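Engineer: Sequences listed follow chains A and B, in order.
Heads up: the first sequence runs through residues 14 to 347, numbered per the working numbering.
Heads up: the second sequence runs through residues 9 to 335, numbered per the working numbering.
What the hints contain is simulated information worked out from the structure, not anything from laboratory work.
Given the structure is predicted, the values throughout are model-derived calculations rather than measurements.
Don't be surprised by glycine CBs; every beta carbon is placed ideally from N, CA and C.
Check each hint, because a few of them may be wrong.
Said to hold, decoys possible - Within a straight-line C-alpha distance of at most 27 Å, the following computed DSS-like cross-link-like pairs (lysine-lysine) qualify: (1) K147(A) with K264(B); (2) K104(A) with K277(A); (3) K73(A) with K329(B); (4) K340(A) with K31(B); (5) K49(A) with K73(A); (6) K264(B) with K318(B); (7) K297(B) with K318(B); (8) K340(A) with K327(A); (9) K34(B) with K340(A); (10) K211(B) with K297(B); (11) K327(A) with K120(B); (12) K327(A) with K199(A); (13) K31(B) with K105(A); (14) K180(A) with K214(B); (15) K104(A) with K31(B); (16) K214(B) with K297(B); (17) K340(A) with K210(B); (18) K340(A) with K120(B); (19) K263(B) with K340(A); (20) K340(A) with K214(B); (21) K105(A) with K49(A); (22) K291(B) with K214(B); (23) K310(A) with K49(A); (24) K21(A) with K234(A); (25) K310(A) with K104(A); (26) K180(A) with K58(B); (27) K288(A) with K298(A); (28) K291(B) with K340(A); (29) K340(A) with K58(B); (30) K73(A) with K120(B); (31) K234(B) with K263(B).
To be verified - Not close to chain A: a few residues of chain B, all C-beta gaps over 12 Å, as computed: (32) K34; (33) R114; (34) E294.
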Amino acid sequence: MPVEEIPKETLLWMYETMVRIRVHEERVAELFAQGKVPGFVHLYTGEEAIAAGIMAHLRKDDFITSTHRGHGHYIAKGGDIKASMAELFGKKTGSCKGKGGSMHIADLDVGELGANGIVGGGIPHAVGAALGIKLNGLDSVAVAFFGDGAANQGTFHESLNLASIWKLPVVFVCENNQYQISLPAKEHTNVKDIAERAKAYGIPGVAVDGQDVLAVYEVAKEAIERARRGEGPTLIEVKTYRFRGHFEGDPQVYRSKEEIEWWKENKDPIKIFEKVLLEKGIFTKEELEQVWERARKEIEEAVKFAEESPWPTKEDLTEDVFSTPTKGVLVWQW
Amino acid sequence: MAMVREITFAQAINEALDYEMSKDEKVIIMGEDVGRYGGIFGATAGLYEKYGPERVRDTPISEAGFIGAAIGAAATGLLRPVVELMFIDFLGVTFDQIFNQAAKMRYMFGGKAKIPMVLRTTCGAGFAAAAQHSQSLHALFVHVPGLKVVMPSTPYDAKGLLISSIEDDDPVIFIEHKGLYGIKGPVPEEPYTIPLGEADVKKEGKDVTIVATAAMVHKALEAAKKLEEEGISVEVVDPRTLVPLDVDTIVNSIKKTGRLVVVDEGYPRCSFATDIAAIAASKAFEYLKAPVKLVTPPATPIPFSPALEKEWIPSAEKIEKAVKEIL
Numbered sequence: 014m015p016v017e018e019i020p021k022e023t024l025l026w027m028y029e030t031m032v033r034i035r036v037h038e039e040r041v042a043e044l045f046a047q048g049k050v051p052g053f054v055h056l057y058t059g060e061e062a063i064a065a066g067i068m069a070h071l072r073k074d075d076f077i078t079s080t081h082r083g084h085g086h087y088i089a090k091g092g093d094i095k096a097s098m099a100e101l102f103g104k105k106t107g108s109c110k111g112k113g114g115s116m117h118i119a120d121l122d123v124g125e126l127g128a129n130g131i132v133g134g135g136i137p138h139a140v141g142a143a144l145g146i147k148l149n150g151l152d153s154v155a156v157a158f159f160g161d162g163a164a165n166q167g168t169f170h171e172s173l174n175l176a177s178i179w180k181l182p183v184v185f186v187c188e189n190n191q192y193q194i195s196l197p198a199k200e201h202t203n204v205k206d207i208a209e210r211a212k213a214y215g216i217p218g219v220a221v222d223g224q225d226v227l228a229v230y231e232v233a234k235e236a237i238e239r240a241r242r243g244e245g246p247t248l249i250e251v252k253t254y255r256f257r258g259h260f261e262g263d264p265q266v267y268r269s270k271e272e273i274e275w276w277k278e279n280k281d282p283i284k285i286f287e288k289v290l291l292e293k294g295i296f297t298k299e300e301l302e303q304v305w306e307r308a309r310k311e312i313e314e315a316v317k318f319a320e321e322s323p324w325p326t327k328e329d330l331t332e333d334v335f336s337t338p339t340k341g342v343l344v345w346q347w
Numbered sequence: 009m010a011m012v013r014e015i016t017f018a019q020a021i022n023e024a025l026d027y028e029m030s031k032d033e034k035v036i037i038m039g040e041d042v043g044r045y046g047g048i049f050g051a052t053a054g055l056y057e058k059y060g061p062e063r064v065r066d067t068p069i070s071e072a073g074f075i076g077a078a079i080g081a082a083a084t085g086l087l088r089p090v091v092e093l094m095f096i097d098f099l100g101v102t103f104d105q106i107f108n109q110a111a112k113m114r115y116m117f118g119g120k121a122k123i124p125m126v127l128r129t130t131c132g133a134g135f136a137a138a139a140q141h142s143q144s145l146h147a148l149f150v151h152v153p154g155l156k157v158v159m160p161s162t163p164y165d166a167k168g169l170l171i172s173s174i175e176d177d178d179p180v181i182f183i184e185h186k187g188l189y190g191i192k193g194p195v196p197e198e199p200y201t202i203p204l205g206e207a208d209v210k211k212e213g214k215d216v217t218i219v220a221t222a223a224m225v226h227k228a229l230e231a232a233k234k235l236e237e238e239g240i241s242v243e244v245v246d247p248r249t250l251v252p253l254d255v256d257t258i259v260n261s262i263k264k265t266g267r268l269v270v271v272d273e274g275y276p277r278c279s280f281a282t283d284i285a286a287i288a289a290s291k292a293f294e295y296l297k298a299p300v301k302l303v304t305p306p307a308t309p310i311p312f313s314p315a316l317e318k319e320w321i322p323s324a325e326k327i328e329k330a331v332k333e334i335l
């Protein structure tokens, strides 16, 4: 999409979102290496253009469902970074009070229905959100994010079928980062484009370069507007590449250093976008540098907040299992 | 005194659904054959005609898909879905959505999520439906924190508990025993609720407590009647909801009688029966005058042949025998 056709504030928002995600993820990698962030951490580095390009079209009253690689979606949807950083640390002030961690980052207040530790687990939730939207006569949409690995799960196929027969306002976004942990996409999927599978469900399917935020923006615009108009779901396959391992600490024996370096050098979505913005004279180098400054400052404040926050207490352990109190024993302890 | 009319268990379920749908537009029904067909056991009959295909949704055979959709819809606060899983045996294909998604969302998200959905499903043997259409797998739901589990035994309980379940903001698994759909009982026409977590003493007695669930309540009452003729006084406690569990009523009954038989149609190991036995051992051991007896099926898949199936299901005779063994 010609960059001139996109409002300048949207371009800035997308750039800023990508930079915030990048700075966040690189900082989390360090914190994980220092032992400050426990558990499994799956970073979104290299895939920032997808969250930014899609979420540029979403409102607060739209819903998304996310994956175990969910920090990028959370940030782009407007989740509170201090709260999510504290959550990564397992602190009481975390967005999930320290009960979810990296794999379950969620912010229902901004329509982020939650990251999911189960591959393909969240796809039907977006279908349900879209059903709720339709039956309530709203013009919101739901977007399901998932990876190439999830496209082989039953929930993927069931969800596309349901959304198609019920003509629901949902957009399925397959982030094909080319590896299902260690298994290359060409060994787990025998179609050139996962987007081709849309045909089987009678809905549009489109594959797009996920390193080019403008391309993602354009494809998303059409799919999301189509959903808002009540014309039903779309499957978008975004071809991307994760710059880091599947999880932090992944020895990455399944791919070469050269391959990773090639992608970082030639297909970094931030560098690609930056080049367009500078060449077209939309922003100056200084203006873009300020974006990085702001992001670094924001992330450092979040880290400080997380570090200084208290741990949850033993009383918190048995809270939040149920919402409606009833008679009888709800949370059992011998 | 006004006569309370008698209706079937299936009609009682239907009335609860009808009432909730008329009261709250957010309540919708989804499942296989719940629409035009009215549900294969007739529980949703007439609702499609009354509320239309948008709110009474026939789904493709894709349980993980539509149960997952119900969870997502509930999490947004836009709907309060009641989904039907035709047979509890089909749970396998939807395990993840129920155990990893519905049950954990609220906790994982730090108490922010509410999942106001009800999963109605059927259990129970006795119809020569063989190993994949006859199981009573309720213990699996009880095992995983985050789910409320309801298992009514009478039409009256079915109506009141289903209304409570739909109005509850947590995911509720509502299990209907297939053998109960046809039984009749007194049910008021007007809506009423029965609180989750409140057991019902179906029959008072002083010599032995029988804790029984769903169809087994009726077998226990049948056994109690025969034992009564022999001068043995039996108390029958129906927990009605397995989560939350009315531990007090169960423990108080054991304290009163000093003896416990648990009757449940689930498989024997790691079951609801063993759970109640463990509760008795930890909360009322000093009151027990005899070992706890469990009456359950054997740990085998459910056979097809009616001759074998009859042997498999706990019977009133087996319950009587168990009671006598601890007297």
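Engineer: Holds or violated: K211(B) with K297(B), Cα cutoff 27 Å?
Structural biologist: Measuring from Cα to Cα gives roughly 21 Å; hence the hint holds.
Engineer: Is it correct that the beta-carbon of E294(B) has no partner in chain A closer than or equal to 12 Å?
Structural biologist: Answer for E294(B): holds, closest chain A Cβ roughly 16 Å.
Engineer: With the threshold set at 27 Å, check whether the alpha-carbon distance from K340(A) to K327(A) stays at or below it.
Structural biologist: Since the Cα atoms of K340(A) and K327(A) sit roughly 23 Å apart, the hinted pair holds (cutoff 27 Å).
Engineer: So if I understand the rule, the pair passes when the alpha-carbon distance is 27 Å or less; does K340(A) with K58(B) pass?
Structural biologist: violated (34 Å)
Engineer: Hint check: K288(A) vs K298(A), CA-CA at most 27 Å. Holds or violated?
Structural biologist: Distance of about 10 Å is within 27 Å: holds.
Engineer: Given the hint that K104(A) pairs with K31(B), does the C-alpha gap stay at or below 27 Å?
Structural biologist: Outside the cut-off at roughly 41 Å; violated.
Engineer: Given the hinted pair K104(A) and K277(A), is their Cα-Cα distance within 27 Å?
Structural biologist: Violated, at about 33 Å.
Engineer: Quickly compare the C-alpha distance for K291(B) and K214(B) to 27 Å and report which way the hint goes.
Structural biologist: holds (19 Å)
Engineer: Starting from K73(A), check that the Cα of K329(B) is at most 27 Å away, please.
Structural biologist: violated (64 Å)
Engineer: Taking 27 Å as the top limit, are the C-alpha atoms of K340(A) and K210(B) close enough?
Structural biologist: Holds, at about 19 Å.
Engineer: Going straight from one Cα to the other, do K297(B) and K318(B) come out at no more than 27 Å?
Structural biologist: violated (32 Å)
Engineer: What's the verdict on K73(A) and K120(B), does the C-alpha distance respect the 27 Å limit or exceed it?
Structural biologist: holds (17 Å)
Violated hints, listed in ascending order, are 1, 2, 3, 5, 6, 7, 12, 13, 14, 15, 29, 32, 33; each of the other numbered hints is respected by the structure.
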